[in-house]
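Novice: These protein sequences, in sequence, are chains A and B.
Counting in our numbering, the final residue of the first sequence is number 149, and the numbers go up one at a time with none missing.
Counting in our numbering, the final residue of the second sequence is number 424, and the numbers go up one at a time with none missing.
Honestly, the hints are just simulated from the structure, not real lab data.
No residue lacks a Cβ here, since even glycine has one placed at the ideal position from N, Cα and C.
Keep in mind that the hints are not guaranteed to be accurate.
When the alpha-carbon atoms are kept at most 27 Å apart in a straight line, the in silico DSSO-like pairs for lysine-lysine are as follows [unchecked claim]: (1) A:LYS52 to B:LYS388; (2) A:LYS126 to B:LYS268; (3) A:LYS126 to B:LYS235; (4) B:LYS388 to A:LYS25; (5) B:LYS268 to A:LYS57.
In silico contact screen, one side only, chain A against chain B (beta carbon under 10 Å); selected entries [as the list claims (entries may be wrong)]: (6) ASP31; (7) GLU46; (8) TYR96; (9) MET108; (10) HIS110; (11) ILE112; (12) PHE115; (13) ARG117; (14) ASN121; (15) PRO122; (16) LEU123; (17) GLY125; (18) LYS126; (19) PRO127; (20) PHE130.
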Amino acid sequence: MKLEMNEKGFKEMSTVKKSFLSGKKGLLVDDDSQMIDILSRYFATEGCYTEKALDGKLALEKMNNNRFDFILCDVNMPGMDGVTFYQQLKGIGSPYLDKIIFITGDSMDHEIQEFLRSINNPLLGKPFGFDDVREAIRRLIDSKVLIRE
Amino acid sequence: MTNGFSDSEKETKPPASSSTKTPDSQEDVPGTESNVPPLSSFLVDLICTVRKSLDEVVNQTQIYEKEYSKNGLGGCFSRIRSDIAKIDFLFDNLLQYNKIATPISKKNTVHNLIESVLKKYQSLLEKRETLIFRRFEKDLPEVIVPDEQLRYILESVLQYVLGLMPSGGGISFSTKPLVIQEKGDEKKSALEKNTHWVEILMIFTRYKSSTEEEKILLGTQEHQTNQNPSDLILQLAKKMVDKNRGLMEVELTEERNNSSISLLLPAEKKGSDLL
């Protein structure tokens with residue numbers, strides 16, 4: 001029997017954990033379902049609840065009814081890619097723009113490279129380890145705290 | 150010594166120190182060795198020298214262009230600068246071509262990357278008094294896995310292994326080339342036949358388990374139920390191995406307290422193999 005833990009369950013569990021990720025909520029956007037599944041299970045060990053989306057369009061739908069502390073988004077995806085996803089958010093003036101960490105693969109065309117250079121979002125190059133992910137999110141969250149202060 | 154490893158293996162204690170460089174290691178930068186032909190470096194040097202001279206000519210020309218513009222000679226100097234810009238463009242292309250066309254031969258990459266990863270974890274290995282053994286095959290073929298990805302795989306596997314090991318345990322690294330020609334070998338049925346492979350085998354001491362013997366096939370539902378981060382690290386590594394058409398096998402056994410992780414990675418074909 002497969003048990004799925006809901007967000008409430010994660011919040012209760014997260015009180016026990018001491019990780020900075022504990023109690024946070026993330027959105028994982030990647031067409032590689034295996035990858036986001038592994039990431040999701042890793043975040044669960046840190047007491048962090050995650051939602052998964054296989055492309056930018058599904059991610060936008062998830063964002064309608066949820067609040068996220070960070071978004072991990074692959075750049076290259078079939079359907080709506082990371083760049084279009086960002087531009088869509090920008091178009092509606094979304095506050096989530098600076099909560100996106102882009103995941104980049106082995107190869108990127110010139111336009112995508114230019115796009116990533118033009119924005120100030122953190123990048124996570126594949127392959128990455130859990131330490132890298134944690135560090136990228138920590139920096140993202142810390143920078144937000146500094147801005148607020 | 151009661152660690153259960155063969156005495157014939159090379160032992161390092163503490164691990165991965167400066168003495169860990171293998172005798173057949175021929176480079177300082179792990180993973181790559183550029184074997185640039187002398188002509189190529191000569192060409193690059195020559196272009197750089199000529200470019201420097203041309204830069205000086207351009208600077209002088211700019212001064213004279215302003216000075217003689219009233220005499221109607223400015224156009225001549227402008228043409229000189231324009232011609233030099235064309236030569237400069239040609240040099241750019243030549244250098245670019247040289248970069249693409251110069252073959253970079255790699256040697257001993259697998260061993261160098263193993264050493265590099267061990268070095269990164271040196272302090273932790275020392276702290277835990279971990280013994281490192283090496284049995285490296287001389288003239289091991291190169292693998293087609295990109296260096297960065299191989300480093301990632303090795304590092305993830307080491308992280309996983311360290312999570313299972315007691316203090317004072319041992320890890321043995323061995324490498325060997327494999328040629329798989331027969332379909333019969335079930336273990337390697339997932340691999341393509343008639344191809345060349347490199348095996349990286351890590352045998353390590355681990356904490357005793359209550360189960361007598363377990364053979365974990367990563368990615369199976371049974372394994373995925375485990376929520377341990379080190380298991381997830383290994384799954385990411387397994388994903389990377391799969392992506393590179395390799396095979397990772399994890400065997401956790403009670404026999405002599407030793408367990409193993411085998412990495413089978415596709416080797417680069419030599420010129421003679423391609424015929």
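Novice: Now tell me if each hint is right for this structure.
Specialist: Here is what the structure says about each hint:
The hinted pair formed by A:LYS52 and B:LYS388 meets the criterion: a straight-line CA distance of about 19 Å does not exceed 27 Å. Under the criterion of a C-alpha separation no larger than 27 Å, the hint pairing A:LYS126 with B:LYS268 is consistent with the structure, at around 22 Å. Between the alpha carbons of A:LYS126 and B:LYS235 the distance comes to roughly 40 Å, so the proposed pair goes past 27 Å and is violated. Between B:LYS388 and A:LYS25 the CA atoms are separated by roughly 25 Å; this keeps the pair inside 27 Å, and the hint holds.
Restraint check for B:LYS268 and A:LYS57: not satisfied, since their Cα atoms lie roughly 44 Å apart, outside the 27 Å limit. Taking 10 Å as the C-beta cut-off, the interface hint given for A:ASP31 is violated, the closest approach to chain B being about 14 Å. Checking A:GLU46 against chain B: minimum C-beta separation of about 8 Å stays under 10 Å; hint holds. Interface restraint check for A:TYR96: the shortest CB-CB distance to chain B comes to about 26 Å, outside 10 Å, so the restraint is violated.
Interface hint status for A:MET108: violated, as the beta-carbon distance to the closest one in chain B is roughly 15 Å, over 10 Å. A least Cβ separation of about 15 Å between A:HIS110 and chain B goes past the 10 Å threshold, and the interface hint is therefore violated. At about 19 Å, the closest approach between the beta carbon of A:ILE112 and any beta carbon in chain B exceeds 10 Å, and the interface hint on this residue is violated. Taking 10 Å as the C-beta contact cut-off toward chain B, the hint placing A:PHE115 at the interface is violated, the least distance being around 23 Å.
The criterion of a C-beta within 10 Å of any C-beta in chain B is not met by A:ARG117, whose closest approach is roughly 21 Å, and the hint is violated. The closest approach between the C-beta of A:ASN121 and any C-beta of chain B is roughly 22 Å, which is over the 10 Å cut-off, so the hint fails. Annotation: A:PRO122 was flagged as interfacial toward chain B, and the flag is violated, the nearest CB pair being 19 Å apart, outside 10 Å. With a least beta-carbon distance of about 15 Å to chain B, the hint placing A:LEU123 at the interface is violated under the 10 Å criterion.
A cut of 10 Å between beta carbons decides the hint on A:GLY125: the least distance to chain B is about 9 Å, and the hint holds. At its closest, the beta carbon of A:LYS126 sits 9 Å from a beta carbon of chain B; the interface hint therefore holds under the 10 Å criterion. Because the beta carbon of A:PRO127 sits about 4 Å from the nearest beta carbon in chain B, less than 10 Å, this interface hint is met. Interface hint at A:PHE130: satisfied, since its Cβ lies 6 Å from the closest Cβ of chain B, which is below the 10 Å cut-off.
Checked against the numbered hints above, the structure breaks hints 3, 5, 6, 8, 9, 10, 11, 12, 13, 14, 15, 16 and satisfies the rest.
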